[in-house]
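Protein chains: 2
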Amino acid sequence: MAKTGKFAVGVDLGGTNIKIGIVSEKGTIVKKISVKTQAEEGTKTVVKNIKKGIQEILKSNDYKIRGIGIGAPGVVDIKKGTVENPPNFPGWGRVNLIKAVAKDFKYKVHVENDANAAAIGEMIFGAGKKYDSFVMVTLGTGVGGGIILRNKMYRGEFGAAGEIGHITIDYKGPECKCGSFGCIEAFVGNQYLVKRVKEQLQDHKDSKIWELIQNNPENLSPRIIQNASEKGDEFAKSIIKDMGLHLGAALASVSNLLDISTFIMGGGVAGFGKPLFDVIRTSVTNRVLKPLKHRVKVLPAKLKNDAGIKGASALVFYRSS
Amino acid sequence: MAKTGKFAVGVDLGGTNIKIGIVSEKGTIVKKISVKTQAEEGTKTVVKNIKKGIQEILKSNDYKIRGIGIGAPGVVDIKKGTVENPPNFPGWGRVNLIKAVAKDFKYKVHVENDANAAAIGEMIFGAGKKYDSFVMVTLGTGVGGGIILRNKMYRGEFGAAGEIGHITIDYKGPECKCGSFGCIEAFVGNQYLVKRVKEQLQDHKDSKIWELIQNNPENLSPRIIQNASEKGDEFAKSIIKDMGLHLGAALASVSNLLDISTFIMGGGVAGFGKPLFDVIRTSVTNRVLKPLKHRVKVLPAKLKNDAGIKGASALVFYRSS
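If you read the sequences in order, they're chains A and B.
When we follow this note's numbering, the leftmost residue of the first sequence carries the number 1, and every step to the right adds one.
When we follow this note's numbering, the leftmost residue of the second sequence carries the number 1, and every step to the right adds one.
Next up, chain A with everything else stripped away, as it sits in the complex (with noise of 0.2 angstroms):
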């Protein structure tokens, strides 16, 4: 008997997996696969990947299936389906993603880039939902971000906005590899986080993180830093100081721009937790101006294991709502 309910199949295309899953309307995952994604393989490949992946979870379902949604790294079109260089894609090119995988399901496929599949997620499941407008920032190897502005997605002209990332907060600052300078992404996206650190690391030689990464550099990561901080490290401690300051002062030149006060942090990084999350608020509502003291919110996100997953399949429920 068909379950009842409405469902979406998410679709979270990484490097190096492809995670897929049955989605209830409220955010439950009823089924979860998860594929090898064999990027170095080429386009085909990653394209057959995916659509055996759906095939694979359709299988034997009883769910009410309302549509395919896919979150995608690189460049999105989301009206035209294309997705375009995807970094750790080689030789991707174009692709248009919409077409490929729609011929072989009786479903609407939706696809959109993952930072915004992210800030859809959150709308539609989330932290967001209590909120009409609000900044996503997803922390990881980058910064990522995606705007709701009275519960649509702000996309800009060309489809391309939201890349808070690259918000500078420091015009003469570290190099960022997009080009410019003083980024926030340079600050605080995983490797220049890490990279910056290890160098500091050396004028600190009683911190706790040299036997959390047993005396070897290379084993530093965000995770060790907070395991440090945790274990009261002072050094650590600064750092995440550091970034609290880092991130507000980029969070409050949006919120002057935009107007919009509230922002939900995501991705790896999010898990140095109420530390950090203490201290970009208060970075954040010292920056801000005057009337926008008293609204600013700096929240976790909700959507933490599988939020790809979720993420892709909010994009049906959001398209057709």
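For the record, the hints were derived by calculation from the structure and aren't laboratory data.
Estimated spans, in silico, between C-beta atoms of each pair:
id, chain 1, residue 1, chain 2, residue 2, range
1, A, Arg319, B, Asn96, 39 to 45 angstroms
2, A, Pro87, B, Arg196, 37 to 43 angstroms
3, B, Gly271, A, Lys205, 53 to 59 angstroms
A short list of chain B residues far from chain A (calculated; beta carbon distances all over 12 angstroms):
id, residue
4, Val30
5, Asn49
6, Glu56
7, Pro73
8, Lys80
9, Pro90
10, Gln214
11, Gly232
The C-beta atom is built at its ideal place from N, Cα and C for all residues, glycine as well.
Based on the hints, put chain B in the right spot on chain A.
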């Protein structure tokens, strides 16, 4: 006989003068007056002066007036019509200008923050006519802004959006009167600029600026810096180059966040002309993300003299279109 075409009354409420004009739908001022604001006399006097001025300009006119637009400093609630705490209006508090003015005239009254009115003026009459989306930047005592997105004013959650002046370009930079640090206004706003140049001037005893200010730093102004630069003064040129670098960093953040690539610059400091525009353009282009690089445009505002009157009158044509 009545003149053909549509006309509007534009009221530019300034701290010293209230400038009022009758403006055609093409943006031509057909009649213009100026009355003293008398801000120091308090709210009632200011409101009386506004109404006196409007009565005066409407006296024995044959134009088909479609409405009255008022551009006011301070926080404006365009729906209610209230203007709150405009700087340089002592004891103002909150005044409903729509109510106060509309009861004496048979026309619909619109009120708008003056920075937003400037943006709407450029959209309806000026350099923004050709562009669906652009960001207006007004350089003066402060740095103001307005965001036009798909031919609509972007207002944010509570109507306070567009505070470009308070985008940080250096989170550890000079203190801004807003309480934050390193806001672009604290770099290029007139007062801050003049103050900084005064300090630096002591190290540039050979600068042509000294002659132009007759050796009295109190005479320093943006215009003097511009004059010195036109005379080939290296120090003055370096100031303009820095301004361009600073503004470019702020605008690049805006462009990356909003995916808007057209900037229209107005206000006094924009009088620096081509040399300033060239460096701003280079700085933004160097700093924006790759897909934006070939799209970035930095244009001078078209409404120069009486931009305030024209912007205010544009509210009438914008809101009734």
